[in-house]
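Protein chains: 4
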Amino acid sequence: MKVELIGHTPEPDFTTGMAALLTHSELQPHLLKKKDKKQVKNILDYVIKMGHTSVVEHSLFTFSISGVSRALTHQLVRHRIASYSQQSQRYVKLSNPHYIIPPSIKKHPDIKKKYDKCIEDLWAFYENMQKKDIPLEDARYILPNATQSNIIVSMNARSLLNFFDLRCCLYAQWEIRKLAYQMLKLVREVAPVIFSSAGPSCKTKKICPMDKKKCQWYPK
Amino acid sequence: MKVELIGHTPEPDFTTGMAALLTHSELQPHLLKKKDKKQVKNILDYVIKMGHTSVVEHSLFTFSISGVSRALTHQLVRHRIASYSQQSQRYVKLSNPHYIIPPSIKKHPDIKKKYDKCIEDLWAFYENMQKKDIPLEDARYILPNATQSNIIVSMNARSLLNFFDLRCCLYAQWEIRKLAYQMLKLVREVAPVIFSSAGPSCKTKKICPMDKKKCQWYPK
Amino acid sequence: MKVELIGHTPEPDFTTGMAALLTHSELQPHLLKKKDKKQVKNILDYVIKMGHTSVVEHSLFTFSISGVSRALTHQLVRHRIASYSQQSQRYVKLSNPHYIIPPSIKKHPDIKKKYDKCIEDLWAFYENMQKKDIPLEDARYILPNATQSNIIVSMNARSLLNFFDLRCCLYAQWEIRKLAYQMLKLVREVAPVIFSSAGPSCKTKKICPMDKKKCQWYPK
Amino acid sequence: MKVELIGHTPEPDFTTGMAALLTHSELQPHLLKKKDKKQVKNILDYVIKMGHTSVVEHSLFTFSISGVSRALTHQLVRHRIASYSQQSQRYVKLSNPHYIIPPSIKKHPDIKKKYDKCIEDLWAFYENMQKKDIPLEDARYILPNATQSNIIVSMNARSLLNFFDLRCCLYAQWEIRKLAYQMLKLVREVAPVIFSSAGPSCKTKKICPMDKKKCQWYPK
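Protein chains in written order, with the working numbering: chain L, 104 to 323; chain C, 104 to 323; chain F, 104 to 323; chain S, 104 to 323.
A hint or two may mislead.
Remember, identical chains collapse to one label, so a pair may be satisfied in a single copy or spanning two.
[Said to hold, decoys possible] With a Cα cut of at most 27 Å, we get these calculated DSSO-like pairs of lysine-lysine:
#: 1; residue 1: K234; residue 2: K136
#: 2; residue 1: K140; residue 2: K105
#: 3; residue 1: K196; residue 2: K144
#: 4; residue 1: K141; residue 2: K217
#: 5; residue 1: K288; residue 2: K137
#: 6; residue 1: K306; residue 2: K316
#: 7; residue 1: K138; residue 2: K196
#: 8; residue 1: K141; residue 2: K235
#: 9; residue 1: K217; residue 2: K234
#: 10; residue 1: K234; residue 2: K281
#: 11; residue 1: K144; residue 2: K105
#: 12; residue 1: K215; residue 2: K196
#: 13; residue 1: K144; residue 2: K281
#: 14; residue 1: K144; residue 2: K316
#: 15; residue 1: K216; residue 2: K196
#: 16; residue 1: K140; residue 2: K315
#: 17; residue 1: K309; residue 2: K152
#: 18; residue 1: K144; residue 2: K315
#: 19; residue 1: K220; residue 2: K317
#: 20; residue 1: K220; residue 2: K140
To be clear, the hints were calculated from the coordinates, so they are not data collected in a lab.
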């Protein structure tokens with residue numbers, strides 16, 4: 104899995120802090136811009152801690168993600184307040200088997216061996232079908248969930264906070280959880296105030312939408 | 104593929120027609136309701152033909168869809184102005200191989216035979232992994248795009264018009280195009296005015312977003 | 104203020120309950136439909152109480168609202184996961200002064216008298232400008248926030264739950280709070296399970312996004 | 104009216120062009136980034152002209168807008184794929200009359216004089232009510248549509264293209280049309296490829312959603 108932050112609103116904490124300020128001020132925006140940056144960020148911090156996260160929508164974060172499974176991307180694109188551009192399996196011929204191996208399978212050498220063999224066979228069949236004039240978009244029906252994909256994703260900070268709420272949770276599927284923590288690390292570097300307390304909802308809101316009794320993370 | 108319309112706003116043409124009327128009338132809604140139904144629908148028809156489709160958002164259509172591939176559902180859920188509840192591969196053990204066979208593969212008995220065998224082997228391995236304590240959510244990494252899924256989808260009429268624009272097109276992938284035409288048939292029965300001229304964008308807007316020269320459907 | 108529920112997905116509790124069931128079942132939707140209704144609603148109730156409200160999106164509620172101020176509608180249309188058709192001030196000539204009087208003004212007869220007079224004068228000027236060839240869309244610049252408007256609104260149940268969270272709160276502005284409680288009363292009649300515990304976020308989530316110390320509603 | 108572009112995704116043409124490239128390429132994103140910038144922009148240009156505008160969602164533009172009427176902002180916030188932070192009339196006391204005068208009124212000195220007087224009287228009453236313990240949120244019911252407001256708005260490029268389609272049209276209301284052209288000028292400077300042919304739908308799509316016969320702009 105390779106995740107990069109390829110673009111974002113410059114100075115996300117200051118820009119969104121200014122938006123917070125504007126709603127309760129008589130000053131025009133060009134005067135707000137001259138405010139002390141530290142003070143603006145303090146206001147943002149206060150506003151977010153009160154739960155008013157609408158202002159952080161004024162910052163967008165664009166990630167390039169590669170080396171993730173189609174199992175992951177099918178979950179990812181369910182987040183609707185976001186933009187996606189994904190490598191097409193209809194138009195892109197995948198020349199070699201690139202696929203994800205879950206850790207639970209890696210742990211069992213015999214299963215892993217069979218898994219590798221199985222996917223190599225699938226790929227040979229995928230290529231074979233194409234040679235026999237099966238269209239690429241149909242040959243790919245045989246490709247597994249494990250198949251790797253590339254995707255560019257943009258989310259605003261509010262949608263990201265929700266994404267982290269759900270996908271940093273221990274009940275989230277391991278691969279998308281791993282992605283979520285990598286994304287969180289990247290955005291925290293450029294927007295420390297917005298994402299200061301981002302994470303699973305048990306940490307951010309003291310709410311567990313799953314079975315907290317069975318969760319080893321949930322504070323006892 | 105099995106598609107059913109399991110719920111929708113009652114009288115979609117009249118309800119959305121009333122909304123069209125309200126924007127340009129001094130009358131209060133409870134008086135508008137008493138208007139002649141035929142007249143209201145005529146206004147709706149005029150408004151839609153002018154391209155003002157925002158009013159048709161006041162009607163929602165809920166479909167249950169089963170016997171479609173995960174290749175299809177991954178495309179379907181990219182439509183963001185919609186609601187989805189999909190059978191989870193993380194929680195539901197798929198006890199028998201249920202999968203889609205593309206028509207291009209059905210046509211070649213030898214390829215089809217290999218395709219069937221290949222998927223049966225995958226399923227045996229999927230079940231075998233579970234017996235060896237691989238979690239269901241990881242075992243499913245081996246399942247192919249062809250695997251069947253069930254999904255409940257709700258879209259408002261405006262989002263549906265856009266869905267038909269894109270997915271009734273001859274360039275759309277065959278399986279989702281087949282779904283689109285089945286959905287269109289169902290909604291036209293209950294909302295004939297809204298969907299009277301729904302279909303691919305070459306028909307609705309005389310716009311081809313693909314290569315119209317190569318399209319056998321595009322009017323020469 | 105006059106609020107009517109002019110349309111909704113039939114049997115919202117059962118339809119959305121079925122969607123909840125489908126995600127964790129191997130059964131196809133047409134078999135789920137035959138399930139005992141009581142049992143389906145119990146599952147829905149459980150799912151909502153855990154905080155998984157995505158399934159209730161499969162029900163839409165359409166309201167006609169009249170006799171509310173433009174101050175209210177400007178707040179209302181800020182809810183983006185919703186559909187609106189509002190009486191246009193650009194196209195509809197408002198022939199008589201229809202306006203809202205806040206209760207705090209009604210309480211002071213002398214202020215109320217001046218308020219009434221002031222708005223009557225505005226209206227006379229509004230009509231006078233039109234006679235002197237000022238376009239309607241410009242003459243209306245003089246009309247006050249208090250001016251009445253009609254609007255048709257559709258929201259799905261998930262968006263409504265969020266609307267009630269925010270607008271049933273004691274800190275919400277009185278007019279939109281009044282609207283929220285009227286809407287809640289109407290939807291609870293047709294979808295008692297979905298909306299059983301809807302209301303301000305202090306009641307639904309034990310979260311106060313405002314100053315709970317100053318709130319007379321907040322449980323001490 | 105004062106409009107500033109206070110933040111945007113850096114290099115919008117290149118970032119969104121990369122997203123276009125990724126969908127049809129086997130290359131991973133970090134390799135795409137090394138592509139020749141000119142070539143990437145040419146691909147973007149081609150893709151947009153074909154009507155595939157989803158990739159431009161990967162760029163966000165944030166504007167600060169001041170000196171516009173509440174008549175304008177009520178229209179503006181109807182664009183739902185966008186983020187808004189607006190000066191609150193409930194919390195911000197507007198100490199002096201700041202208001203918009205439509206050009207059609209400016210042209211008639213006698214009407215303008217009465218308009219100015221009328222608004223000054225309103226403001227005096229607004230301040231007077233506050234002194235008599237009418238809450239600010241209720242006193243503002245008397246303020247006119249003409250009252251100035253400040254607002255920070257963020258839209259992605261796809262939503263902006265739609266905004267320009269509708270609001271650069273000669274049938275759009277003059278104030279929001281003026282805003283649209285100022286916004287278009289600003290974004291074209293930083294994203295010339297994305298917005299090269301942005302404008303009213305008669306120019307971008309040869310579609311007129313209004314009465315083209317009466318439009319002096321529509322090409323005869």
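(request) Tell me, please, which holds for K140 and K105 at an alpha-carbon limit of 27 Å: within, between, both or neither? (result) Only across copies: K140 and K105 sit 23 Å apart there, 33 Å inside one copy, limit 27 Å.
(message) Within, between, both or neither: how does the pair K306, K316 come out at a Cα-Cα threshold of 27 Å?
(response) both (15 Å within a copy, 23 Å between copies)
(request) Pop the pair K220 and K140 into one bin, within, between, both or neither, using alpha-carbon distances up to 27 Å. (result) neither (57 Å within a copy, 41 Å between copies)
(request) State whether the alpha carbon distance between K138 and K196 is at most 27 Å within one copy, between copies, both, or neither. (result) Classified as between; 20 Å across copies, 53 Å inside a copy.
(request) Have a look at K144 and K281 and pick one of within, between, both or neither, based on CA distance no larger than 27 Å. (result) Neither way: K144 and K281 sit 29 Å apart in one copy and 33 Å across, limit 27 Å.
(request) Check K140 against K315 for me: Cα-Cα at most 27 Å, and say if that holds within a copy, between copies, both or neither. (result) So K140 and K315 fail the 27 Å test inside a copy (40 Å) and across (29 Å) alike.
(request) Using 27 Å as the alpha carbon limit, work out where K144 and K315 are close: within a copy, between copies, both or neither. (result) Intra 34 Å, inter 24 Å, cutoff 27 Å: inter-copy only.
(message) Please sort K234 with K136 into within, between, both or neither, judging by C-alpha distance up to 27 Å.
(response) Classified as neither; 62 Å inside a copy, 32 Å across copies.
(request) Measure nothing new, just compare the shortest in-copy and cross-copy C-alpha distances for K309 and K152 to 27 Å and report within, between, both or neither. (result) Classified as both; 13 Å inside a copy, 15 Å across copies.
(message) My question is about K288 and K137: at a cut-off of 27 Å on alpha-carbon distance, are they close within one copy, between copies, both, or neither?
(response) between (30 Å within a copy, 24 Å between copies)
(request) First find the shortest C-alpha distance between K217 and K234 inside one copy, then the shortest across copies, and answer within, between, both or neither for a cut-off of 27 Å. (result) The answer is both: 26 Å in one copy and 15 Å across copies each meet 27 Å.
(request) Evaluate K144 and K105 at a C-alpha cut-off of 27 Å and name the case that applies: within, between, both or neither. (result) Between copies only: 25 Å across, 31 Å inside.
Hint violations for this structure: numbers 1, 4, 8, 13, 16, 19 and 20, all remaining hints satisfied.
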